[in-house]
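Trainee: If you want the building blocks of each chain, they are given just below.
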Amino acid sequence: MRGERRDVPAERNHEELLALKAEGYNMLVDLTCVDYLSQNKTPRFDVIYRLMKFGLSDGKDLGRVEIHCTTGEAPVLRSVKDLWPVADWLEREVWDMFGVQFSDRPDIKRLLMYEEFVGHPLRKDYPIAKRQPLIGPKDGAKADSPSFNILKPTVTGE
Amino acid sequence: MLEDASYLTSRLDEAIGWARKYSIFQYPFVTACCGMEYMSAAASHYDMDRFGAGFPRFSPRQADCLLVVGTISHKLAPVLRRIYEQMPQPKWVVAFGVCTCTGGFYNDYATVMGIDTIVPVDLYIPGCPPRPETVLQGLMLLQEKIQKTGGSFR
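Protein sequences, first through last, are from chains U and Y.
The first sequence: position 90 = 90 (our numbering), numbered continuously.
For any residue, its number in our numbering is found by taking its place in the second sequence, counting from 1, and adding 1000.
Hints were generated in silico from the structure; no laboratory data involved.
Cβ atoms here follow ideal geometry from the backbone N, Cα and C, with glycine treated the same way.
Treat the hints with care, as some may be off.
In silico DSS-like cross-links for lysine-lysine, where the CA-CA straight-line distance does not exceed 30 Å [unchecked claim]:
| no. | chain 1 | residue 1 | chain 2 | residue 2 |
| --- | --- | --- | --- | --- |
| 1 | Y | LYS1075 | U | LYS81 |
| 2 | U | LYS21 | U | LYS109 |
| 3 | U | LYS60 | U | LYS124 |
| 4 | U | LYS60 | U | LYS41 |
| 5 | U | LYS41 | U | LYS109 |
| 6 | U | LYS109 | Y | LYS1145 |
| 7 | U | LYS124 | Y | LYS1148 |
| 8 | U | LYS21 | U | LYS60 |
| 9 | U | LYS60 | U | LYS109 |
| 10 | U | LYS130 | Y | LYS1075 |
| 11 | U | LYS81 | U | LYS53 |
| 12 | U | LYS81 | U | LYS60 |
Derived DEER-like restraints, expressed as beta-carbon distance ranges [what the hints assert, rightly or not]:
| no. | chain 1 | residue 1 | chain 2 | residue 2 | range |
| --- | --- | --- | --- | --- | --- |
| 13 | Y | TYR1022 | U | MET27 | 53 to 61 Å |
| 14 | U | LEU112 | Y | TYR1022 | 41 to 49 Å |
| 15 | Y | PHE1055 | U | LEU56 | 48 to 56 Å |
| 16 | U | PRO127 | Y | LYS1145 | 37 to 45 Å |
| 17 | Y | PHE1105 | U | ASN26 | 56 to 64 Å |
| 18 | Y | PHE1055 | U | GLY55 | 47 to 55 Å |
| 19 | Y | SER1044 | U | LYS41 | 20 to 28 Å |
| 20 | Y | PHE1105 | U | ASP61 | 32 to 40 Å |
| 21 | U | LYS41 | Y | ALA1032 | 17 to 25 Å |
Given only the sequences and the hints, what does the whole structure look like? Please build it.
Mentor: Structure, rendered in structure tokens:
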């Protein structure tokens, strides 16, 4: 990747990103997260912001930077929705998939999974064989079996 | 006298089945890449119309054959079930492609492991995606099934 990498403490993410926006990084290219549980790193999560200076007159790429915020279990960051509106859905996705919380968005909604889904599927401790079907028989029987009841949606785990 | 009557009704069922199997009104529920293969099977080169199935309806209320084409996620499963229930009787369901048959190569939190856990399936067409020849063979097998079981509602 072009551009430099900077490490920022998670509790100061909004201030640092505000300063970078003032510096001319007018575009949030991506906001994502990595779970390092399987590599036994001590700050387990790494929330990554990728910024770009987008030349508004000629459309040229004038520089990029990658911001890493490492946080432990139950990560809480500040939302940057007010700096770049695109962060709205990206933060919803990071919450949905990794359970990263944003302190000024207490009622954040899942982006990809359904409301009834329990847990965060891209965390490395989410069981790979766990299924949570919205409808369907608990025992995995066929749909024309007598145990099938579509009037009561069942959420099954394990 | 009674034997004559049963002979008559069985001949009638046969005639109705024959009429039904050559007028399949399909509803393509297309969610993924299998849709491309469905289009190629339905378009002029392979020409599904030869089998009387040339007229996809885009309302389930006007269709009698639900073609589920592509991966179904758990989030979409209630929608598919509702579409199935909106279709008038008699109706048939075709699982088109391996994702709808078994979940395919997806084995994760998001994908339904075979649509037969949501709706009853009459015919499975495997393949990733199935070639149009496979689709046409499946269509002919479905016609056979319609001929034999056309009168049975569920």
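Trainee: Run every hint past the structure and note whether it holds.
Mentor: Consistency of the hints with the structure:
1. In summary, the hint linking LYS1075/Y to LYS81/U is supported, as the alpha carbons are separated by about 27 Å, within the 30 Å threshold.
2. Between LYS21/U and LYS109/U, the direct Cα distance comes to roughly 26 Å. Compliance with the 30 Å bound is thereby established for this hinted pair.
3. Restraint check: the Cα-Cα separation between LYS60/U and LYS124/U comes to about 38 Å, which exceeds 30 Å; the hinted pair is violated.
4. As the CA atoms of LYS60/U and LYS41/U are separated by approximately 37 Å, the hinted pair breaks the 30 Å bound.
5. A distance of roughly 29 Å separates the Cα atoms of LYS41/U and LYS109/U; the hinted pair therefore holds under the 30 Å criterion.
6. Between LYS109/U and LYS1145/Y the CA atoms are separated by roughly 46 Å; this puts the pair beyond 30 Å, and the hint is violated.
7. Distance hint between LYS124/U and LYS1148/Y is unfulfilled; the C-alpha atoms sit about 51 Å from each other, more than 30 Å.
8. For the hint pairing LYS21/U with LYS60/U, the CA-to-CA distance comes to about 17 Å; that is within 30 Å, so the pair holds.
9. Distance restraint check for LYS60/U and LYS109/U: the Cα-Cα separation of roughly 35 Å exceeds the 30 Å cut-off, and the hinted pair is therefore not satisfied.
10. Of the supplied pair hints, the one linking LYS130/U and LYS1075/Y holds, its CA atoms being roughly 15 Å apart against a limit of 30 Å.
11. For the suggested pair LYS81/U and LYS53/U, the alpha carbons sit about 18 Å apart, so the restraint of at most 30 Å is met.
12. Restraint check: the Cα-Cα separation between LYS81/U and LYS60/U comes to about 24 Å, which is no more than 30 Å; the hinted pair holds.
13. Evaluation of the 53 to 61 Å hint for TYR1022/Y and MET27/U yields a pass: the beta carbon distance comes to about 58 Å.
14. Take LEU112/U and TYR1022/Y: their Cβ atoms lie about 43 Å apart, and the range 41 to 49 Å holds.
15. In this structure the supplied range 48 to 56 Å holds for PHE1055/Y paired with LEU56/U, their Cβ-Cβ distance being about 51 Å.
16. Roughly 39 Å separates the CB atoms of PRO127/U and LYS1145/Y, a value that falls within the hinted 37 to 45 Å.
17. At roughly 40 Å, the beta-carbon separation of PHE1105/Y and ASN26/U lies outside the given 56 to 64 Å, and the hint is violated.
18. For PHE1055/Y and GLY55/U, the hinted distance range of 47 to 55 Å is satisfied, since their beta carbons lie about 52 Å from each other.
19. Between SER1044/Y and LYS41/U the beta carbon distance is about 58 Å. The supplied range of 20 to 28 Å is therefore violated.
20. The hinted window of 32 to 40 Å between PHE1105/Y and ASP61/U holds, with their beta carbons roughly 36 Å apart.
21. The hint said 17 to 25 Å for the Cβ distance between LYS41/U and ALA1032/Y, and at roughly 36 Å that hint is violated.
Consistency with the previously given hints fails for numbers 3, 4, 6, 7, 9, 17, 19, 21, ordered from lowest to highest.
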